[in-house]
Structures are given as structure tokens and as C-alpha cells.
Amino acid sequence: MKVICDRAALQEATNLTAGVVNPRSPRPQLACIRLTAKREGAGGTLTLAATDAEISLRLTTDEVEVQEEGEALIPADKLRQIVAAQDTDPTLTLETDGEKTTIKGTGSRFLIYGFPPGDFPPIPDFPKPEAAADAFSASSEVFLQLIQRTIFSTARENSRYAINGVLLKRHNKKIEMVATDGRRLALARGTVDPGASKSEGGQCIVPTKALNLAQRLLPTAADKIRIAITDNQIMFAFDDPDSPGGTVLTSNLVEGTFPPYEDVVPRDQDKKATLNVETLSSAVKRAALLTNEESRGVRLAFTGAQDKMLRLSSRAPEMGEAEIEVALDGYEGEGIEIGFNPAFITDALKVVTGNDVVMELKAGNKPGLIKSGNDFLYVVMPVSLQ
Amino acid sequence: MEWNGRAILHVDMDAFFTSVEQRDRPELRDKPVLVGGSGPRSVVAAASYEARKFGCRSAMPMSTAMRLCPQAIIVSGKHGRYSEVSDQVFAILERASPLVQPVSIDEAYLDVTGSIRLLGDPPTIAERLRREIRAELGLTASVGVAPNKLVAKIASDLNKPDGLTVVPPERVHAVLDPLPIERIPGVGPSAKRSLDRLGIRTIGDVRATPCETLVACLGSYGEEIARKADGRDDRPVRVDREAKSIGREETFPEDLGDPEEVRRVLLWHAEQVARRLRRAAVQASGITVKIRYGNFETISRSSTLPEPTDSTDELYRGSRVLFDEWASRSFRPVRLIGLTATSLTREMQLMLFGSSEGSGGSGSPMAAAERAADAIVQRFGKASIRRGATLDAPMRDGKRAHDRG
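Each protein sequence line maps, in turn, to chains A and B. Per the numbering used here, the first sequence starts with residue 4, numbered consecutively. Per the numbering used here, the second sequence starts with residue 87, numbered consecutively.
Same shape as in the complex, but just chain A (with noise of 0.2 angstroms):
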């Protein structure tokens, strides 16, 4: 294998399958990138391709002129870090002699030891849509806000409530996807393209790891991307069908039941208040300066319909206290006070869009639930204040 490189599109690249390798994986090879380059016409293509065990990716460049076919496999970290250090040189080639593979920019070169590409486990290919339980397409765009509006709402990893993955469920063109950690809860619709699909849909768990990934692949993928489901997989194609290779990332589904959170989103909320969401995203910001580990949540107190103020305090021993008053565009219901931790609204506030959010409440120890639009729910548990 021969190629010369553009050096920031192989930095790219590199950076993206080096994120899904295991660097602490039992085989070395398995924390490796697989290298391999095909001549098509005048250029070519380069396809990276990498490996958890759970997740792989492979993904192409066509930013690359092959002088000789073949394939490489080498070390991600090495690899990735190399690229990304010559970064005043605008290509960089890539020869392989054996498991040997030579990296030359000016006035530098790197040979690394790289392993068989036979070594390297088969990365599956985009399914046809007959071999999938489940096959649509999606707008990039809807399926990318789809990601950022529920996926900051999973649970850290080794937590109680992880689930370590977001649901994904769809019916006809209705997609859902939805996050919990336990005291939030984000739900997030759009619609999608069943095309040729036989069935109505189905639901799911894609781990967050494969959701991040796919989030970082996004802009710039093709205007549609395609989904394809099968008994215990997901996969994602980011290029146009008919493009040479393309981006694929492969998932295995989390295993186990989504939580029954259905139940757990509020009906019969007797109190809305209509707040811009920037102004209601800086009280809440500025209330939790007076915030800390032992009193981490800020105190709402909506006057009622007749004053339509919102008072937001927050108090911290041995601290201080804040108050911020913010008056509300409307009001319906009685006055209440709750308590939530900050955090918590304010992630929410990031993923809106529009100008103004509905926030519905019942009592103090109730689920509050923040609505923008009819695309996107977000149910927040209060903290009991003392």
C-alpha cells in the first residue's frame, strides 16, 4: 500500500476511529486502525476502520491519491498522534512494507509495527434493507437534534440509573428517542422516512457511546443518513447509498427494558408558566452561584397568576444566599414553590429551540415537566429543600 494523504482530512478521520478503539484492549490488534486503500480512476480511497468488540466504525476518505492498493494495520494511539503532531505539512504518505508502515512528511518519518490485516475482525457492511428487522432514513439534521436533546440526559456511567444507552423507538414516520437517569427524564420527536420499510417500526436501546460517535459524524454527513436495525445491532450509513464505501458505524443494542417512562410523564399539571428561555436560563445560572455540595438545589417560587413573578433563591451555609426575581410573560394556576436542582434546568434550556419554554407544575414534591414545542418533553424530579 502507497498513498499520499491530505493531512487534515487523514486527522479527521484518524480522530474519529481512534475515538471508538479500546486503547486497554487484551489484543493489541483490536487497538488498532485498519488501513485500507483502493485506486478508483485518477484517485482512490482511503477506509479507516476500528473496533471496541461492541462498536466499529469504518469510515472513507476520498482525499487521498493511492499509488498502490493494499491495507495496513496499525496502532490507533500512534497513528492518531502522529498525524495530528506534523501538522504543518499538507500531505503526508503512507507506505507498508509487510506489517511495517512508513509515515513521511517533511523532513520527517515514522516507521511503525503494525500487526497482519488479516488479524483484523470483519467490520460489517451496511445491511440490505430485506436483511434488517427494521430499515428507514432520516434528515441529518432531525436525527442530529434528536441525539442533542436527549442524549446529556443518560445517566453517568457506573451510576445507579445507568441505562448506558438512549431508546430509540419508531412508528411509521413518528420517531422517539428518549433518556433517563433516573431524576430527568428527555424525550425528543421528529419525523423520519420509512421508504420501503415492511415494518411499522420497533424500539430499542443504542448505547450512548455509538450516539456520541454518531453525533460527531453528523455535520457532515450526506443530507439523509440511513438506520438499519437487526436482532441485537444498529447501524448507520452517513454517505448517499450510491457513494463509493461510505461511513458506517455499527452498534451492538443494549441489552434489558427501558424503564416504563410513560407512567412517569405528568398529565395533570395545574400550573404553566410561559418564560423566555434565555431570561429564565441566566436566573437559574445566577442563582446557582450560591450553590454547593450540600445545597446544590435553587428554590422557584412562582407568585401566582396575579403577580406573574418568579423568584428564584438559592442559600448555602457558611456561604451565602441569592435572590433573583425575573417577571413571567404568563401565568395560569395558584402559586407554588419547588425545588430543582440547576443543573437539571439548564441542560434542558440548551436544547431548546425557540424563544420560550411551558413550564408545568403541581406541587413542591411533584415531577416538573419543561415543554418547547410539541418535539420535545423533559420531565425534571424536584429536590426537597429543607
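Take the hints with a grain of salt, since some may be wrong.
[What the hints assert, rightly or not] Sample of chain A residues facing chain B (criterion: CB under 10 angstroms; computed from the structure):
{"#": "1", "residue": "187"}
{"#": "2", "residue": "188"}
{"#": "3", "residue": "266"}
{"#": "4", "residue": "293"}
{"#": "5", "residue": "297"}
{"#": "6", "residue": "387"}
[As the list claims (entries may be wrong)] Each computed SDA-like pair below joins lysine to any residue, with the alpha-carbon atoms no more than 25 angstroms apart:
{"#": "7", "chain 1": "A", "residue 1": "288", "chain 2": "B", "residue 2": "432"}
{"#": "8", "chain 1": "B", "residue 1": "246", "chain 2": "B", "residue 2": "288"}
{"#": "9", "chain 1": "A", "residue 1": "212", "chain 2": "B", "residue 2": "392"}
{"#": "10", "chain 1": "B", "residue 1": "330", "chain 2": "A", "residue 2": "145"}
{"#": "11", "chain 1": "A", "residue 1": "131", "chain 2": "A", "residue 2": "113"}
{"#": "12", "chain 1": "A", "residue 1": "369", "chain 2": "B", "residue 2": "364"}
{"#": "13", "chain 1": "A", "residue 1": "288", "chain 2": "B", "residue 2": "246"}
{"#": "14", "chain 1": "A", "residue 1": "353", "chain 2": "B", "residue 2": "310"}
{"#": "15", "chain 1": "B", "residue 1": "278", "chain 2": "B", "residue 2": "245"}
{"#": "16", "chain 1": "A", "residue 1": "288", "chain 2": "B", "residue 2": "393"}
Simulated from the structure, these hints should not be mistaken for lab results. For each residue, glycine too, the CB sits at the ideal point set by N, CA and C.
We have chain A already, so just place chain B on it with the hints.
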């Protein structure tokens, strides 16, 4: 007795571990008994009064103690048993006041100011506690009664064992003044030497010395000594509910060389600390693991938990990560291991799934199991139910399986 102002009791069980042994095993009565290991590097965890006559003291190397008193009987301590009896002692103390602050397994402060109208004057309350401990548990306690914690602590030591010392507010100076300065908690050999150079030997001498002189001699510590010599102390009796942290630690009679053994003690600590968190209705956002080597070098490792918790599993998981991180790189035999829950909060994040009344995941089966176990412990004592993995934990127990408030 007319009592003005606060009434504080300091209750200190007499030679607790050896007394429990002598009570449980009649053949040990009236004999010099040492609790501790018999290995070459073990230390005395506790010495009976009979052994103390020979100069044996706790924390002394066992070999030294055996030289002083070759006829002493060495008993390897039984942690579970001491904890169980300790629970029974605290159950009696709680009859006198809800304000009980555990200092260690065998020592506590009580604020009985609010109990006087119901139970009688403070000396009567103290005498009654001593009587009940003797009648129900067959053990003796020494009690100091005073207007504050400092004086109560000094007083409980004045007529030990099996003594009651009452220092009413108007008698504080009369009682303290003739005492040697080392009776003041915190005055160690070096402060004693410095004061000795000024000709100060008794607490009364300190009071007769101008504060500036003390400060010139001892720095800011001089002010503290002056305050203590004056018998002033306004620290409240803190129950766990108001504590800044809740923890416990344990010194082993011999260094533990097996990390797995240490982990079992850590689990036992986590269980006790989590129970105290739940009882106080607080959750912890941080934990600290303290490790001491045989040479007294001490390190501690802290971390923030992913979410505030009062669950045994979460505390154990967090402390285990800290311990394993240390152990994987630099394990050395451990003399003491401690676990403290920090950043306590009474705010409860309510949960979406499960019960609506809050307390992190109180709807989960594990939380329900923990509540049930708490109820059993409340009734039958700490040894009645515990995690299987801690059953054979190496609790030869040092003098200090401290519950720290």
C-alpha cells in the same frame, strides 16, 4: 440539686473490651487480661484494670506488655461482640436524652439540659444511667457531669473506674484548678514542657498567668489553653443529623497484609456509615478513605460520588475504587483503615421511578432491604444482621473502632 445553664454528661465505659471479655468469660475475672494479637508486631488494643496495675497500657507493643506482666491472658478481640454491646449501651443512653453524640464505640456526650424536668437533676440522671448499665449489661461506666463537654470529659476521668464526678457550674474552677495541666485534653508532652519552663504545673497556674504570656510561649495555642483552663467550651452536642461528616475507622492489633481482608473491613465500615446516614436522614456526596501503615504514616484519598447517597453499596463502591487505586500501585500492610462520608446534605433528590417520597432510589429493592435491615439492627443490635462478606472480616478490633461524628 439546682442546675443553671447547660448540663452535659460524658459517659466513658471502663476498660470496655476487657470488661466485656471478663463478663462473658468468668474464668477471666479478676485476672490481668490483654486484648490484641499475639504475633510479633501486635499491639495491646485494651488492658484490664488488673493488667494496668503492672503498667500495661493500650497501644503498647504486646511484647512489652508481656514483659511487664507475663501472667497476663491474651484474648483476640471480637469486633462484632463489642459493637453489639456498644449498641446496647447507646440504647440505654438514649433513654436520658435524644442528644447523644457518639465519640467512639465506648464513649459519648449527652446534653441532658432538656431532660431535667422529666428525669431529675443531672447527677440523678447520670447515676440512673450508671445503675441501668450495670444492672442490664453487667458493665461499669464512669460519668462526668458538667456545664460543657470539656469539663465533663475531664471529670469522667477523675474517679475512674466506676465513678461519678459532678462539677456544677459554680464549682468548675474549684475542681479544675488543682489538676495537673496534662488533664486538659490536647495538652501533650511538648506543651507540658513549654509550660513547665514558665513554672506552670496546674490548671490553676494557667489561669493565674496572663494570656499574653501564654501566647508568647505557645503562640495561638496559648489562647486555647487559657480558655480551656478557664473551663470554657461552647461546642454543642452534635447528633449525626447535624454533623459535617460521618465516619468510622479501625486500628488493627496487627497490620493487615491481605488487601481482600482490608476490603472486607471497608465493607463493614460502609455498612455502619450508611446506616448512620439513613438514621440521620442525610446523604453524602463525598467520601474519604484513610489508610495508616504500621509506622503511623497516614494517607487519605477522597472522591466525589456520582450522586448523593445513603446506600451501603454506593459508599462501598466509591471507597473500594479509592482503595483499589491505591492498593494496585502501592499496597503495604495496613494498620488502620477508615471511611468517612462527607459533604452531607439533607436535600433529597426525588426519583422518577419508584416510590414518590424520595430518598435516592428508595423504591429500589436494595433500598427496601437496607431499611428492613436497619429496623432489625435497631431492635437486636449491629451483630444481628450484616452482609455475608463481612462475616469473617478481620475484626480483632483495636481499641478504636471509632465512630466519628
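Evaluation of the provided hints:
1. 187: With a closest approach of 7 angstroms, the residue 187 of chain A hint holds.
2. 188: 6 angstroms, holds
3. 266: 8 angstroms, holds
4. 293: 14 angstroms, violated
5. 297: 5 angstroms, holds
6. 387: Check passed: Cβ of residue 387 of chain A comes within 5 angstroms of chain B, closer than 10 angstroms.
7. A:288 / B:432: Distance ~22 angstroms between residue 288 of chain A and residue 432 of chain B Cα, so the pair holds.
8. B:246 / B:288: With a Cα-Cα distance of about 20 angstroms, the restraint between residue 246 of chain B and residue 288 of chain B holds, given a limit of 25 angstroms.
9. A:212 / B:392: 19 angstroms, holds
10. B:330 / A:145: Distance ~48 angstroms between residue 330 of chain B and residue 145 of chain A Cα, so the pair is violated.
11. A:131 / A:113: 41 angstroms, violated
12. A:369 / B:364: Measuring from Cα to Cα gives roughly 22 angstroms; hence the hint holds.
13. A:288 / B:246: 58 angstroms, violated
14. A:353 / B:310: 53 angstroms, violated
15. B:278 / B:245: This hinted pair holds, its Cα atoms lying about 23 angstroms apart.
16. A:288 / B:393: Judged against 25 angstroms, a Cα distance of about 20 angstroms means the pair holds.
In this structure, the earlier hints numbered 4, 10, 11, 13, 14 are contradicted, and the remaining ones agree with it.
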